[in-house]
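Peer 1: Listed in order, the protein sequences are those of chains A and B. Once you know that position 52 of the first sequence is 52 in the UniProt record's numbering, the rest is easy, because the numbers rise by one and skip nothing. Once you know that position 115 of the second sequence is 115 in the UniProt record's numbering, the rest is easy, because the numbers rise by one and skip nothing.
Each hint should be verified, as a subset may be incorrect.
One copy or two, either will do: identical chains are not told apart, so a pair holds if it fits within one copy or between any two.
[Unchecked claim] Pairs of lysine-lysine residues, derived as DSS-like cross-links and limited to a Cα-Cα distance of at most 30 Å, are as follows:
#	residue 1	residue 2
1	K201	K12
2	K212	K76
3	K199	K76
4	K12	K248
5	K201	K33
6	K199	K212
7	K33	K212
8	K159	K212
For the record, the hints were derived by calculation from the structure and aren't laboratory data.
Protein chains: 2
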Amino acid sequence: MKAIILADPSDKTSLTLAEVPTPTPAPGEALVKVCAAGVNRGDLLQAAGHYPPPPGASEIMGLECAGIITDPGTTKFSQGDRVACLLAGGGYAEYVAVPEGQLMPLPEGYSFAEAASIVEVACTVWSNLVMLAGLHEGQTLLIHGGAGGIGTFAIQLAKALGCTVAVTAGSAEKLEACRRLGADILINYREDDFAEVMKNKADVILDIIGAKYLDANIRALAMDGHLVIIGLQGGIKGELNIARLLSKRGSISATALRARDLEDKARIVADTVEHVWPLLAAGTVTHQIHATFPLSDAASAHAALASGEVTGKVILAVAES
Amino acid sequence: MKAIILADPSDKTSLTLAEVPTPTPAPGEALVKVCAAGVNRGDLLQAAGHYPPPPGASEIMGLECAGIITDPGTTKFSQGDRVACLLAGGGYAEYVAVPEGQLMPLPEGYSFAEAASIVEVACTVWSNLVMLAGLHEGQTLLIHGGAGGIGTFAIQLAKALGCTVAVTAGSAEKLEACRRLGADILINYREDDFAEVMKNKADVILDIIGAKYLDANIRALAMDGHLVIIGLQGGIKGELNIARLLSKRGSISATALRARDLEDKARIVADTVEHVWPLLAAGTVTHQIHATFPLSDAASAHAALASGEVTGKVILAVAES
């Protein structure tokens, strides 16, 4: 089969379509013909050598896709089933082997590209905001990077839950995009201090920045607030004022989806399909595709996401459905 | 009535018995004649001017007591009921007004002094280890200060839950006391690096140190581990390595009981009585009274707790039962 490899492992832009062995599904896995794959920041990190696949996972990039089952193996699925897939790797390819617990039906009315665009964000946002932080109606959520793939999804999901949503972004255009999706409080981080605007107000914070925002995030937390860190774009080490955290009875969690074990992923996938798929089918939460590139031009897809000028997801089209 | 006041507010050792107004119970409160009161580190901090009572609470020290209801007010309790009480303040006195949700029956077979010795620790340990961190059978708990009031209780409770228990303490004598209570892994922090001994092993950590142990605690956390900070004896600001926390999908919470609202306290008290009182009645978890002083000698009680040489709780005897 064809798949994207790094022609020069030391050059993160050398993404090249090459002939590689088609994967053999292990027991409990199905073989899926990939129609579309999502591009994530984790793929950019992997290309740069900073985010190796967990043990046992494919060495190929690609953390989500949608396609057609060609060999269901021992799973409950059937040949020809159209599925969305949460992957530990392997999506940038014509075929991928997927554990049963990470196979989902397509959301009703969704194309392969649309489905591939929401797997990682839906599982990430649902598992962190609701399963971990317990976000619920009447609470206030602060989202950093509101215009990104995670952010645009989180805004809509939190509004669907009945929350007040604050976002940070770096331009008026991005903030306007957030507003259109339902965000209530728009903060341009180049002009305003989000810690001041949101002081003691955020019940939950979804953060992709890490160290640079750590102290400001604690200032923004409300009583019993929960800071959930899912990215480290602003560095890894920061000073934590534990007395301030304690004065709010606050919690900090730092999480990632990729290295979770199969059971954990299956639990998250099942809960996400149960609660988020109906919102997708109803259009309450919509997909946000920024651009689609052919698999052979994965390099341009990575460049687009790396530019920071993306509102929504970048997709690789792999096969015609 | 008589109560302990600071004769010289600038001198934390000037604890003196004085005549003060007897409190008037507000609606939903009962008046309790105090028979015994527990001494907590929070009282030491309050005497030193660092831990003011929350708004509306008594200015008098004392976060827990046991005694007899003299005026049940509108509560479901009756005059003459023997009760243990979780307090936001006011225990170092002959009478205290207590919200209904913070009144508990005495554990079966317990004296007033014994009951007064376990209210704060039972509610603190249960709410943090089980209600917050979800500690359960088969997990490993690391307790810092294993020989203190919190530590001795946490060891026994965690063993009752079926956990492996590791403790740190500063002397062989204290570690031996922990071992007798059931601790499995004994770490003398003056000789050994607990982060090395417990590296990646602790599902839950109960910490009273704060900043000084922050990085080492993150090193000790297991996958999906939860660090719960309930004291800041080792400082308030520390460097947090968020990447390390993320690699373990770890969580950090910092909590305190005193400033919680009435509803929250009532929820914690009810859950603690339901789950911990039977363990006390059965003797599975025992009280640990280190010394008892008369109320008039609260200064000596504070000096004893401040010395760091205490194994278990310090109690003030207020009235004969």
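Peer 1: Run every hint past the structure and note whether it holds.
Peer 2: For each hint, the structure was consulted:
no.	hint	in the structure
1	K201 x K12	neither (40 Å within a copy, 36 Å between copies)
2	K212 x K76	neither (46 Å within a copy, 52 Å between copies)
3	K199 x K76	neither (49 Å within a copy, 40 Å between copies)
4	K12 x K248	between (42 Å within a copy, 27 Å between copies)
5	K201 x K33	neither (46 Å within a copy, 40 Å between copies)
6	K199 x K212	both (17 Å within a copy, 27 Å between copies)
7	K33 x K212	neither (41 Å within a copy, 53 Å between copies)
8	K159 x K212	within (27 Å within a copy, 40 Å between copies)
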